[in-house]
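Chain order of the listed sequences is Y and U. Using our numbering, the first residue of the first sequence is number 1, and each one after it goes up by one. Using our numbering, the first residue of the second sequence is number 1, and each one after it goes up by one.
Be careful, since some hints might not be right.
What the hints assert, rightly or not - To give an idea of the chain U side of the interface with chain Y (calculated C-beta under 7 Å), a few residues: (1) M55; (2) Q57; (3) G58; (4) G65; (5) L66; (6) T69; (7) D93.
If you are wondering where the hints come from, they were derived from the structure by calculation, not from laboratory data. Remember, it's a predicted structure, so these values are computed and weren't measured experimentally. For every residue, glycine included, the Cβ atom is placed at its ideal position computed from N, Cα and C.
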Amino acid sequence: MQKLNKSEKTALEKIAVQNRKNVLRLMKAGRMGHIGGALSSVDIMTALYFKVMQVDPQNPNWPQRDRFILSAGHKCLALYGILAEKGFFSHAILDTYGALGSKLGGHPDMHKVPGVETNTGALGHGLSIAGGMAMGLQMDGLDAKVYVIMGDGELAEGSNWEAAAAASHHKLDNLLVFVDRNHLQISGKTIDVMNYEPLDKRWQAFGWSAREIDGHDLKQIVENATDIPFEKGKPSVIIADTVKSKGVSFAENKADYHYWKATDEDLSIAQRELEKIEEGIS
Amino acid sequence: MDDFKDPRKTFGDALVEAGQKHQNIVAISADSSGGSGLTPFRERFPERHIEFGIMEQGVIGFSAGLATTGKIPFVVAIAPFMTARPFEMFRNDLGYMRQNVKVVGRCAGLTYSDLGATHQSLDDIAIIRTIPGVTVINPGDPIDIVKAVHAAAAHVGPVYIKLGSPKMPVLMDENYPFQIGKGVVMQEGNDVTIIGTGTLLCKAVEATRILKEKGFHPRLINMHTIKPLDRELILKAAAETGKIVTVEEGYLAGGLGSCIAELIATEHPVPMKMIGIDDQFCDTGPYEELLAQYGLQGEQIAKTIEQFLA
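Next up, chain Y with everything else stripped away, as it sits in the complex:
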């Protein structure tokens, strides 16, 4: 486990705010996008890319790298901003989001965007692909790990549970899933639309080692993500409680902001809120 001291936590919080600003920058360029899930998962992605994973922006296909799979591909605004912040490509590319021919589509394309590992967007694909990666890395005797973010609404896709069973059966303990449990999906509350609770017990029943954390507490994210496998021989899952659209108060906890068509005024208000958060970090 990698402990996060106060100054490291503060530094990481500043990066997380910058990554939220990048999400707004993308929204400003494209005018619409899946902002709710991007902002609920951006702290997890920030911790992974800036404290947990071994990746090389200059050599995105480095065979020993850790892999990140955004199974809930619609949260890609967070990923794009983070990959730019990490140096995989220029920030200027963020301003092309939404334009004809941009490398940055509404769902990520590994053949267009350096650092993107999979073409997700259709839900229920990422965990199987991640499992295959984890298996291949184990077969090659590599220490690299595979990290996945799934949505809580996404868990209704049956294919995920095929993958969950297989990852456990094949003892893929180099695999860590975060469930971004923001409690909302496009039609409303996840427990009302299709209730898969209790999530920890479901994953445990499939042979996984599960923990629950605050998905916006960077210290908790880093310290748990660097503590895998939670149990030797088992894949690990973190149920991360999050807030949809976290950081933009008028959009927080509202299913309506799953996909947002933003006005200039909305974006200005959101930008000012993030600046306030940034000023408050010390």
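Given the coordinates of chain Y, assemble chain U onto it according to the supplied hints.
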């Protein structure tokens, strides 16, 4: 046509040979190993044989992930469960992600004649060929099967190979140069071109023999690759013989005949006859009798062609 071989055993033995040559080949089973001819591979390379149980969506995704780490997965199961059931995984995880995975659908066409429409695979060619970048191979005899396995292993990119189940007669010379995307002229002729594929190539061979005995001069092509289609060979046949007949064990909608019609309708229109299965779920019964019910025996095909030429 007196040397018959089991297509699944032929496939399995070929995969062992390919596995010796390519150390990164892994065999993926969805509770389908023994029935898919994988037993020799599992015995020879136990650490490279991975069992998943009955999860056909999962195995496609896992195979895509394995391929990203440099493995060459061969995923084998009953054809509809490798194509229709996990279609979106095939399209996104293999096609869109351009992963080097070989999917083998066995007991395809009507070869599960007794088990009915759930297990018969008549739409696999039609649906898989819509996926950009996927190579589709439908071997016409045991020689083709062996060559297709080696060609697929050497080819970088997603491949679908369609296999039957009953024993197939050897039709091709084992030294012939198999090339993905290149059809083979088995018989020269000038009054019609018969293009056969897969499990019905042998019936097309028989029909050709009957027509020759009746004084016709049919050209016969083994079209073992559906995609990419051998445009040059087909357009040449259209120009030189003026009529085209296609023979396949699959739906007319979207199959080989449909592929060829798409080509010649725009590039060199000539009269066509497409022989295959019309828009229906098929009956059950003994395989050869079932083929006869749908007009797919050699004599019936010859008669259909004779009427077409009249």
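Here is how each hint holds up against the structure:
{"no.": "1", "hint": "M55", "result": "holds (4 Å)"}
{"no.": "2", "hint": "Q57", "result": "holds (4 Å)"}
{"no.": "3", "hint": "G58", "result": "holds (4 Å)"}
{"no.": "4", "hint": "G65", "result": "holds (2 Å)"}
{"no.": "5", "hint": "L66", "result": "holds (4 Å)"}
{"no.": "6", "hint": "T69", "result": "holds (3 Å)"}
{"no.": "7", "hint": "D93", "result": "holds (6 Å)"}
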